[in-house]
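Undergrad: Listed below, chain by chain, are the residues.
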Amino acid sequence: MRALIRFFVSNRILILFLFLESLSLFLVVKHNQFQRNSFLNSSNAMVGNIYAMSNSVSEYFGLGKVNQALAVENTDLKQRLYQLEEELRFLKQDSSYQGRKEMALQKKYSFVTAKVINASYNKHKNYLTLDKGAADGMKVEMGVVNDLGVVGIVSEVSEHFSVVLPILNPHSYINVKLKGENKSGSLIWDGRDSKTAILEEMPRYVKAAVGDTVVTSGYSSIFPEGIKVGTVKYLKQKNDDNYYIEVELFVDFSRLSYVDAMAFDNLEEQQELEAKNLKKMEGGKK
Amino acid sequence: MIDFFLRRSGAFIFYILLQVLVLNNILFYGFINPYLYIYFLITLPPTISRSAFLLIGFLMGFLIDIFSGTPGCHASACVFLCFVIPYLQNLFGPRNEHTSNVMPSFKTYGPGSFMQYAIILVVLHHFFFLMVEYASLSDILWVLLKTLFSSIFTVLMIWVLEMIKSKN
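One line per chain: the protein sequences are U and B, in this order. No gaps in the numbering here: position 118 of the first sequence is 118 in our numbering, and each next residue is one more. No gaps in the numbering here: position 102 of the second sequence is 102 in our numbering, and each next residue is one more.
Please keep in mind that the hints were generated in silico from the structure rather than gathered at the bench. It cannot be assumed that every hint is accurate.
What the hints assert, rightly or not - Below, computed lysine to any residue pairings styled on SDA-like, alpha-carbon distance capped at 25 Å:
| # | chain 1 | residue 1 | chain 2 | residue 2 |
| --- | --- | --- | --- | --- |
| 1 | U | LYS183 | U | LYS115 |
| 2 | U | LYS30 | B | TRP159 |
| 3 | U | LYS183 | U | THR196 |
| 4 | U | LYS30 | B | ALA135 |
| 5 | U | LYS233 | B | PHE67 |
| 6 | U | LYS195 | B | SER166 |
| 7 | B | LYS165 | B | PHE128 |
| 8 | U | LYS115 | B | PHE67 |
| 9 | B | LYS107 | B | SER166 |
| 10 | U | LYS195 | B | PHE67 |
| 11 | U | LYS132 | B | LYS165 |
| 12 | U | LYS183 | U | HIS171 |
| 13 | U | LYS65 | B | PHE31 |
| 14 | U | LYS30 | B | ASN24 |
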């Protein structure tokens, strides 16, 4: 017994070292399993508030750029408004228009505008923190976009802050397609370049070329169809049936300020229906 | 003693905030991120007991982790760093009996010895940290490249800080 105590006392440094090291590595492993440990993330109140304070100072340095981007977006929206008004005037003469209008209005998206108060883009697993939380209508699984294109998907929400899983994270997985094609593939990130993502599962029979635009597919109901993601930068035919495609992203993750989170209002209804159908199919098998 | 404690606590908070609010946002070529906060750990004097040293390292890494969203990565690298620091201090520190308990710096170690001491620790810490963050051997070349470039910038910053300190 005394020998045992003496052993512990004389090796206490090594034991403490091994204990702290295993504690840290346990945190790493736990974090990887659950993607984000809910207590230790930047949506917790103290960390969120410090970042919000820091951001309230640093945002002044970027105001010029933000202004410019807003002006460009404004012009673009105005142009589209005129175009749509023109189209509307033309369509009103069509008698079947009224019925179709009602159908279109049923599929509604609601938006929450938020400010990015903390962002990383150079790590292996990147995250963004937004200054809006459940109190402002943020929900998990909302799609996040800015004026340039897709940013990511909301992964965690607290009362006043939320965390976004951006495209630049190996866990991110976004359903996309090439503009003008119907076959969808998935957009993932290999952890290297913050301007490039990889488009997987795009079969070789799809007509693809360098310079093609990549947009969201609308199949996952997180994003509506046709939101811009990037352009095809590099394309190679692999040995199997799929292409290897590198996509240059439109969004500059080093310069994010304001983003919009969007949710399909009838998402719950759709998911319920899908779950019900699945149950029925399984019941049928038995 | 109390004065020393207060000053070091201030420095502790200062280096953490400097790291998470400034340095984590300064990126050279999009992937090089200096981790200057370990300067605080490598300049702690050997008068602190080794177990307290390990605990300080863990706490510092843990706090950086919470802010950077990488639970455990910085903490494990810092604990490892604090474990090896005393051996390197014995190796590079002054041999003299009276001066062996001094804070590592240009003045006490001499510029050459101090930089060797700092470079070894910075590379060890960065490599350990990035290996834990990437957690796979398939990215080993990328990890080595990032270690090399991030270390260069951290070491440069340490060198500049020491130059300023030794001038005063």
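Undergrad: Now look at each hint and say whether the structure bears it out.
TA: Now for the hints, and whether the structure bears them out:
no.: 1; hint: LYS183(U) to LYS115(U); in the structure: violated, 34 Å
no.: 2; hint: LYS30(U) to TRP159(B); in the structure: violated, 37 Å
no.: 3; hint: LYS183(U) to THR196(U); in the structure: holds, 21 Å
no.: 4; hint: LYS30(U) to ALA135(B); in the structure: holds, 13 Å
no.: 5; hint: LYS233(U) to PHE67(B); in the structure: violated, 34 Å
no.: 6; hint: LYS195(U) to SER166(B); in the structure: violated, 42 Å
no.: 7; hint: LYS165(B) to PHE128(B); in the structure: violated, 28 Å
no.: 8; hint: LYS115(U) to PHE67(B); in the structure: holds, 18 Å
no.: 9; hint: LYS107(B) to SER166(B); in the structure: holds, 7 Å
no.: 10; hint: LYS195(U) to PHE67(B); in the structure: holds, 24 Å
no.: 11; hint: LYS132(U) to LYS165(B); in the structure: violated, 43 Å
no.: 12; hint: LYS183(U) to HIS171(U); in the structure: holds, 22 Å
no.: 13; hint: LYS65(U) to PHE31(B); in the structure: holds, 23 Å
no.: 14; hint: LYS30(U) to ASN24(B); in the structure: holds, 24 Å
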